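Heads up: the protein sequence lines correspond to chains Y and Z, in order. Sequential numbering from 1 applies to the first sequence in this note's numbering. Sequential numbering from 1 applies to the second sequence in this note's numbering.
What the hints contain is simulated information worked out from the structure, not anything from laboratory work. Where hints are given, some of them may not hold.
If chains are identical, the list can't say which one is meant, so a pair holds when it fits in one copy or spans any two.
Said to hold, decoys possible - Straight-line distance between alpha carbons at most 30 Å, and here's what the computed DSS-like set of lysine-lysine pairs gives:
1. 67 / 192
2. 18 / 245
3. 67 / 245
4. 242 / 268
5. 237 / 155
6. 268 / 67
7. 242 / 30
8. 123 / 268
What you are looking at is a predicted structure, and each value in this text was computed from that prediction instead of being measured.
2 protein chains.
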Amino acid sequence: MARGLRANAAEICAANAKDMERGRAGGLSKALLDRLHLDEQRLDALAAGVEEVADLPDPVGEISEMKRRPNGLLVGRMRIPLGVICMIYEARPGVAADASALCLKAGNAVILRGGSDAAESNKAIGRVLAEAVRSAGLPGEAVTVIEDTRRESMKELLSFEEDIDLVIPRGGEGLIRFVAENSRVPVLKHYKGVCHLYVDRDADAEMAVRLALNGKVQRPGVCNAVETILVHEEFAKDLLPKLCKALGAAGVEIRGCERTRTLFPAAKAAEESDWPAEYLELIVAMRVVTDMNEAIDHIRRYGSDHTEAIVTNDYAHAMEFLRRVGSSTVLVNASTRFADGNQLGLGAEIGISTTRLHAFGPMGLEGLTSQKFIVFGDGQERT
Amino acid sequence: MARGLRANAAEICAANAKDMERGRAGGLSKALLDRLHLDEQRLDALAAGVEEVADLPDPVGEISEMKRRPNGLLVGRMRIPLGVICMIYEARPGVAADASALCLKAGNAVILRGGSDAAESNKAIGRVLAEAVRSAGLPGEAVTVIEDTRRESMKELLSFEEDIDLVIPRGGEGLIRFVAENSRVPVLKHYKGVCHLYVDRDADAEMAVRLALNGKVQRPGVCNAVETILVHEEFAKDLLPKLCKALGAAGVEIRGCERTRTLFPAAKAAEESDWPAEYLELIVAMRVVTDMNEAIDHIRRYGSDHTEAIVTNDYAHAMEFLRRVGSSTVLVNASTRFADGNQLGLGAEIGISTTRLHAFGPMGLEGLTSQKFIVFGDGQERT
């Protein structure tokens with residue numbers, strides 16, 4: 001697949017040029033056009049990504065938890081593919097290569113349903129990938145591009161619960177809600193990441209400032225960026241102004257609760273709508289809390305089950321926060337930005353799930369597989 | 001909960017007597033009345049089952065796969081409850097105790113929606129369980145009985161995707177299909193068990209006969225009973241008549257393919273509808289196959305992804321059968337009747353799933369949980 005992407009770069013870029021031309025004529029925003037754009041360099045990066053996936057250990061066939069039962073049976077589990085996975089995405093044509101590599105590596109077939117903006121690019125990439133799969137001796141249908149990009153046809157696709165095992169939508173909240181609401185096939189998804197950083201009473205001030213900056217500023221447009229900072233009142237008294245100044249110096253707008261504004265009057269007043277907000281830009285909500293319980297209550301009420309971090313020197317608080325916060329990634333003294341398949345050591349990431357069924361949090365190859373029970377006997381019967 | 005069931009046996013039996021009376025007046029079959037019936041002895045067995053679940057290790061909070069990343073972060077997973085689980089079942093009031101024990105042990109809340117035939121029994125058991133939960137210092141709502149047994153109210157329940165995390169239906173195929181077709185909440189289910197026993201060319205004849213008998217006769221009415229026996233033609237020549245005689249002597253009716261009937265003329269002729277049939281009684285379909293490939297093709301075409309077994313002395317065939325058969329439990333030289341949570345060592349069983357998402361095969365406590373990522377850092381930020 002990587003070789004195919006490199007060898008057919010000219011053809012893929014020509015197809016992409018048609019999408020870009022139509023996009024410009026149709027008035028797509030500069031940001032969307034940038035997402036849509038492919039050139040030799042980007043294709044090379046995609047191919048390199050495919051090669052990285054190829055180099056991951058093959059999850060299929062792995063046997064684990066093998067145990068001997070009292071009757072002598074050896075019982076364990078063997079990892080197997082899920083089956084047919086349908087990726088639904090918008091204007092990023094690179095998803096086709098990226099997702100196909102991961103799905104195939106885990107032994108699955110993949111159906112690619114991209115948005116109409118990237119229709120020509122998707123067709124071209126899909127053709128190249130299917131041909132690569134065929135030349136490796138597998139059925140080319142293992143990578144199938146749906147060329148019909150109408151919503152009604154997507155609805156039909158989402159009704160094929162007998163034929164598709166899992167749908168993974170990637171894109172804006174609107175697309176994801178449409179998929180979730182119209183699908184008879186199970187959907188792995190997250191709507192948004194309203195991630196919290198809680199600065200405990202006894203916390204390292206320098207670390208708190210660094211992790212707040214890293215979480216908010218390093219890449220504000222992603223789902224694991226910090227959106228709300230909760231500060232213990234005893235930490236706040238001395239150190240909240242310092243924290244706010246550092247954020248302000250990095251260009252971050254602060255929307256604070258009343259107590260925040262008493263300590264740092266330059267902050268704007270937060271409204272109720274700020275607490276559940278996923279800004280995805282250089283804005284942060286800030287609230288002073290009386291203790292960790294109040295912080296956890298706030299997270300439960302306004303969070304999105306994505307990622308939360310605590311900064312603390314208190315061992316008992318660290319362990320309690322880990323245990324009681326129900327989000328898919330919970331960190332102690334580390335940036336929320338680590339909530340990512342590669343950073344957590346999964347080797348790759350096909351998506352993030354904020355529902356607990358099947359996979360919770362970043363999903364790598366293992367999330368694209370299941371396990372069956374295997375039993376080695378020597379004639380055992382049940383009595 | 002166990003103490004509550006024993007202490008309130010008289011009250012529960014009185015409620016059950018009302019259900020039994022209405023059932024008899026309504027003309028319920030003897031088998032259904034037997035399923036519905038509760039007495040002190042049955043309640044005591046239920047209570048003992050609850051005690052067994054209580055004695056299982058607590059899955060919640062277990063930390064696994066802890067690894068150190070190059071930047072010093074310690075990354076692992078902590079087992080957590082799924083959330084709110086809805087059990088939907090028919091006339092067996094014991095499910096209320098059994099399922100509540102498992103769901104609560106895994107840290108979940110449970111909603112019990114039993115059938116109208118057992119309405120009084122369910123209410124009485126639910127009251128006792130909720131009181132027990134309350135007396136243990138937990139909210140009584142952690143066990144909630146839905147008293148409205150109309151289908152429309154079930155439909156409404158199945159639309160609460162924001163509030164219920166998982167639905168597990170237990171009962172006939174009709175109930176399960178209704179739930180699957182009407183649910184917005186994920187459903188863990190199996191429709192039926194069309195389990196195969198494949199007797200390879202080089203197989204121990206005595207073992208083949210024993211495993212066929214055990215699979216078919218020991219308890220024919222359950223989902224892991226053998227429904228079809230596939231016999232390699234070279235084994236069949238000498239040994240099929242012996243196998244058929246043994247089955248016949250145990251009262252099993254044989255519906256065979258043409259080649260089966262040539263070797264054992266007393267067999268009835270199998271029709272196309274016999275291959276996907278789940279008889280759940282003393283009937284077995286039998287087919288002579290030319291090799292293991294044909295057996296595996298047959299299983300793929302007619303099987304239900306539940307359980308399949310091979311009898312063989314051939315090492316390579318054993319390993320290939322394990323790898324290529326995609327069912328949720330695959331056994332070598334052992335009875336299909338072992339496809340059961342207790343027999344496979346899960347300690348308990350809340351149900352069996354024949355779809356690959358989240359859980360595949362028998363589900364114990366672990367199937368009622370999920371895992372979140374936990375990260376121990378010392379100030380790491382992402383660069």
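>> If the cut is 30 Å between Cα atoms, do residue 242 and residue 268 qualify within a copy, between copies, both or neither?
In response: within (16 Å within a copy, 87 Å between copies)
>> Within, between, both or neither: how does the pair residue 18, residue 245 come out at a Cα-Cα threshold of 30 Å?
In response: neither (47 Å within a copy, 72 Å between copies)
> When no copy is specified for residue 242 and residue 30, does a C-alpha distance of 30 Å or less occur within a copy, between copies, both, or neither?
Replying inline: Result: close neither inside a copy nor across copies, 37 Å intra and 77 Å inter.
> Between the shortest in-copy and the shortest cross-copy C-alpha distance, which are at most 30 Å for residue 268 and residue 67: within, between, both, or neither?
Replying inline: neither (60 Å within a copy, 42 Å between copies)
>> Within a copy, between copies, both or neither: which one fits residue 67 and residue 245 at a CA-CA cutoff of 30 Å?
In response: This pair counts as neither: shortest intra-copy Cα distance 58 Å, inter-copy 36 Å.
> Given identical chains, is residue 237 near residue 155, meaning Cα to Cα at most 30 Å, within a copy, between copies, both, or neither?
Replying inline: neither (54 Å within a copy, 53 Å between copies)
> At most 30 Å between C-alpha atoms: does residue 67 with residue 192 qualify within a copy, between copies, both, or neither?
Replying inline: between (41 Å within a copy, 27 Å between copies)
>> If the cut is 30 Å between Cα atoms, do residue 123 and residue 268 qualify within a copy, between copies, both or neither?
In response: Intra 48 Å, inter 54 Å, cutoff 30 Å: neither.
Hints 2, 3, 5, 6, 7 and 8 from the list above are not met by this structure, while the remaining hints are.
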